[in-house]
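Enquirer: If you want the building blocks of each chain, they are given just below.
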Amino acid sequence: MAEEFNMDGMLDMFLYESGQLLENLEGIILEKQDADCFDEADINEIFRTMHTIKGSSGIMLYDNITKVSHKLEDVFYYLRESQPENVPHVELVQKVLAVSDFISGEMDKIREGDKADGDETEIVADLDEFLKRLKGEIKEQGIRLPKENKHKEPSQFYIAPVASEESHFYRIVIHYRNDTEMSNIRAYSATYALKDIAEDLLYTPEDIITNEESADVILAEGFYMLLQTKSDTDEIVGLINSVEAESIDIEEITAEQFGKGLAEISTDVSEPISIDLGGEEPKKEPDKEKEKEAVKPGDYVVKSKETGKGKTLAKNQPKKQSIISVNVEKMDALMDLIGEIVIAEAVVLQNPDLQVPGLDLTNFQKASAQLSKITTELQEVIMSMRMMPLTNVFQKMRRIVFDISKKLGKDVELEVIGESTEVDKNIIEHISDPLMHLVRNSMDHGIESDPADRTALGKPEKGKVTLEAKNEGGKVYISVRDDGKGLKKEKLYEKAKNNGLIGDKEITDFTDNEIYRFITLPGFSTKEEVTEYSGRGVGMDVVVKNIQSIGGRLEINSQEGHGSEMTLVIPLTLAIINGIVVQVGNSRFVLETASVKEFIRLTEDAIVQEPGGEEYIVLREQPYPFIRLGQKYQLSDSQVQVQDGIVVVLEHEGEQVCLLIDKLIQEQEIVVKPIPSYVKKVKGISGCTQLGDGSIALILDIAGLIQDEERS
Amino acid sequence: MKTLLAEDDFASRKFMDKHLSQYGECDVTVDGEEAVGAYMMALEDGEPYDLICLDVMMPVLDGYQVLKAIRDIEAERKIPQDKRVKIIMTTALNEERNVKKAFELGCEAYSGKPIDVEKFEQVLKRLELI
Chain D
1 MAEEFNMDGM
11 LDMFLYESGQ
21 LLENLEGIIL
31 EKQDADCFDE
41 ADINEIFRTM
51 HTIKGSSGIM
61 LYDNITKVSH
71 KLEDVFYYLR
81 ESQPENVPHV
91 ELVQKVLAVS
101 DFISGEMDKI
111 REGDKADGDE
121 TEIVADLDEF
131 LKRLKGEIKE
141 QGIRLPKENK
151 HKEPSQFYIA
161 PVASEESHFY
171 RIVIHYRNDT
181 EMSNIRAYSA
191 TYALKDIAED
201 LLYTPEDIIT
211 NEESADVILA
221 EGFYMLLQTK
231 SDTDEIVGLI
241 NSVEAESIDI
251 EEITAEQFGK
261 GLAEISTDVS
271 EPISIDLGGE
281 EPKKEPDKEK
291 EKEAVKPGDY
301 VVKSKETGKG
311 KTLAKNQPKK
321 QSIISVNVEK
331 MDALMDLIGE
341 IVIAEAVVLQ
351 NPDLQVPGLD
361 LTNFQKASAQ
371 LSKITTELQE
381 VIMSMRMMPL
391 TNVFQKMRRI
401 VFDISKKLGK
411 DVELEVIGES
421 TEVDKNIIEH
431 ISDPLMHLVR
441 NSMDHGIESD
451 PADRTALGKP
461 EKGKVTLEAK
471 NEGGKVYISV
481 RDDGKGLKKE
491 KLYEKAKNNG
501 LIGDKEITDF
511 TDNEIYRFIT
521 LPGFSTKEEV
531 TEYSGRGVGM
541 DVVVKNIQSI
551 GGRLEINSQE
561 GHGSEMTLVI
571 PLTLAIINGI
581 VVQVGNSRFV
591 LETASVKEFI
601 RLTEDAIVQE
611 PGGEEYIVLR
621 EQPYPFIRLG
631 QKYQLSDSQV
641 QVQDGIVVVL
651 EHEGEQVCLL
661 IDKLIQEQEI
671 VVKPIPSYVK
681 KVKGISGCTQ
691 LGDGSIALIL
701 DIAGLIQDEE
711 RS
Chain X
713 MKTLLAEDDF
723 ASRKFMDKHL
733 SQYGECDVTV
743 DGEEAVGAYM
753 MALEDGEPYD
763 LICLDVMMPV
773 LDGYQVLKAI
783 RDIEAERKIP
793 QDKRVKIIMT
803 TALNEERNVK
813 KAFELGCEAY
823 SGKPIDVEKF
833 EQVLKRLELI
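Top line first, the protein sequences correspond to chains D and X. Its first residue numbered 1, the first sequence is counted upward by one per residue in my numbering. Its first residue numbered 713, the second sequence is counted upward by one per residue in my numbering.
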């Protein structure tokens, strides 16, 4: 192929994303082609798709795509806003498909490196006509026409580089005759001659103009160049055209070799040459050393530029960035299998057969160390494959903030920090909704409606909501912060009491944190009037449930008058946790290491029994609910006496619970597996895992245990 | 249209200079620091640039640093959005993250090298510079 189009990252992404969107779009259309009409979700989806394609093609300057998608977006805007009946569905389907075909066609052209020169006027006119009829129909049905769909012109543009032929890479070595004077200047002339055809040029020695001593090096070792160009060897020789040159060797090399730079390639070949020249070798070696050390101020600029170019090269090599979309189920299956390998590895390496005394395991140990290394890498790779930046989720929040601030008439700005933080794909799916709730709550309940209230407190009139994500110690912290009213403890307490959520305890019975937690109770809402966005008292409990389902927790902090902060703390990945294996009777359980506060040995008289049968432990004058795990799960052979077992204090979201277990086994990495569906759901158990000896251990769900305890 | 061109590669510089000069005065700097200096000077003289073309890989300060510096100066001097200088990055770095970064820092357009002159002009028109 004479003209291979060298795709670059930006264009790649545009084609990939738009391709995905179109594929998705066609999926919807084809599924619904025989239906009577599109439902609301479809209309929204198609509208969004066209909106996105319009935006990105605008940035990429593909005007015809922009115009067509713009028109179709308009059509779906009216469908979405007015929801007219009797839309000619078959015709609409055809229109959408025509647009999709047009855009696909143009994208094929772009992919081939051609111009996207398709004529859009016919399709646009066709859509215009359709839109006109649609509007007429809408009016006839007595529905008010919505406001014109406002389009924001793109304000940033990307100009793709012109398509170019495929480049060749050459290594050129020039040897000058030994009597050549100022060979460094000759070498410079050679580089200068090549500049016109060179896309990139590296050479050594580097300081040929500034350092006269480089002439000796060139005479001794030859002058090395790496050249990226579209020209062929004859042309290069013709350009160098130096009478002093004894020999000019040109060798075509691969892009990878080129990327490695001169250092590696030249050392590869410099050896035979230095043998040829024998005696001179010791003399010039110190020279070279000196050159390296003596950095003059002026040199740095040139060098930094050269290395900069070198780096670019490595990046710009004609490797096609290939992206494939993979079914998430397959990724999950792979993740599962890798989990199995980790378990199988433990089964092999901790196999009881190896415990025979006197067995020489030296080679086995070596091999197993290698195996462990590879499985660890395997885990890391699959994790990184599943990692996605939070950018998209945060992007959605911008939109929400914008919409709500318009609707509520509050002037609020959104600050986003750390949107490139990456988390597991599964987690992203689970936090989108909770995050939306939190942002809405901050906007609605947090920020004051009256700017005067804000200025009175010395705050700027404009409210501020901050969305921050960070990655710390295997956990992701995502916080939503506002500088609004903050939570009022008294108000929360009253509300909870009036709703009968806390019985008749006094406000002093609760810590600040416990009071803040009231807002996460089901059926709690402090806002007197319910708005479109929040205040229905569903929400916060759903948020907490969602977050708990992925092993995370919600932290609430607030300062009255200054704002509140809600932080989601989520594990980086769901599949592997650090756990402590404990034994109760013949069963093994896993406790997540992070939730274990302490282990203690107690005697029976430390236990306080309530009339209802519930048991408590008083530790440092604090009462903790006490659960005998063996009794709870009816494990017949477990320790009944407290003094024979160990008490574990566990904490989850500020609430503690104590468990009586028989003994501790070990701490290890645990691959979390769901409980198979044929087993009835057991309270307080969130999953299971296989241990090194092949036995099964159940993973305790601390949050579930605490809840269960509170309910009883 | 008054243009500032920051470009360290001679060939590109010559090409761009020639091309941009047809629309009016075109100043040229060879590194990032000089570009910021030139921008400041023009600003102080009350004759700010309409367009700045920035290479990314430059000595002393790279294009991103220059872009950020200029936007920071504008923010600090409270220059309104529509009065801000239009900035086009001109570079061989075409990976998406490079482009996104530049957009994030607030450039108006990002042109891959070799420059597509036709589209470049199209953008100048969109930016209402010519």
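Source of the hints: derived by calculation from the structure; they are not laboratory data. Think of the CB as a built atom: it goes at the ideal place given N, C-alpha and C, for glycine as much as any other residue. Check the hints yourself; a few may be wrong.
Sample of chain X residues at the chain D side, in silico, Cβ under 7 Å [claimed, not checked]:
no., residue
1, 727
2, 731
3, 735
4, 736
5, 808
6, 811
7, 813
8, 816
9, 817
10, 820
11, 821
12, 823
13, 826
14, 831
15, 832
Enquirer: All the hints need checking, so say for each whether the structure fits it.
Expert: We went through each hint and held it up to the structure:
Taking 7 Å as the C-beta contact cut-off toward chain D, the hint placing residue 727/X at the interface is violated, the least distance being around 12 Å. The interface hint given for residue 731/X is violated, since its Cβ lies 13 Å from the closest Cβ of chain D, which is over the 7 Å cut-off. Violation of the interface hint for residue 735/X is found here, the shortest Cβ-Cβ separation to chain D being roughly 17 Å, above the 7 Å cut-off. A least Cβ separation of about 20 Å between residue 736/X and chain D goes past the 7 Å threshold, and the interface hint is therefore violated.
Interface restraint check: residue 808/X against chain D, minimum CB-CB distance 4 Å, threshold 7 Å, status holds. About 5 Å separates the beta-carbon of residue 811/X from the nearest beta-carbon of chain D, less than 7 Å, and the hint is met. With a cut of 7 Å, the hint placing residue 813/X at the interface with chain D is violated, because the nearest CB-to-CB distance is about 10 Å. Given the 7 Å rule on beta carbons, the hint for residue 816/X is violated: about 10 Å separates it from the nearest Cβ of chain D.
Residue-level restraint check for residue 817/X is violated (minimum Cβ-Cβ distance to chain D is 11 Å; threshold 7 Å). A least Cβ separation of about 6 Å between residue 820/X and chain D falls short of the 7 Å threshold, and the interface hint therefore holds. Of the supplied interface hints, the one on residue 821/X holds, with its beta-carbon coming within about 4 Å of a beta-carbon of chain D, less than 7 Å. Restraint check, residue 823/X versus chain D: the minimum CB separation of about 4 Å is within 7 Å; hint holds.
Interface restraint check: residue 826/X against chain D, minimum CB-CB distance 5 Å, threshold 7 Å, status holds. Hint status for residue 831/X relative to chain D: holds, with the closest Cβ pair at about 5 Å, below 7 Å. With 7 Å as the threshold, the beta carbon of residue 832/X comes within range of chain D, its nearest partner Cβ sitting at about 6 Å, so the hint holds.
When each numbered hint is compared with the structure, violations occur for hints 1, 2, 3, 4, 7, 8 and 9.
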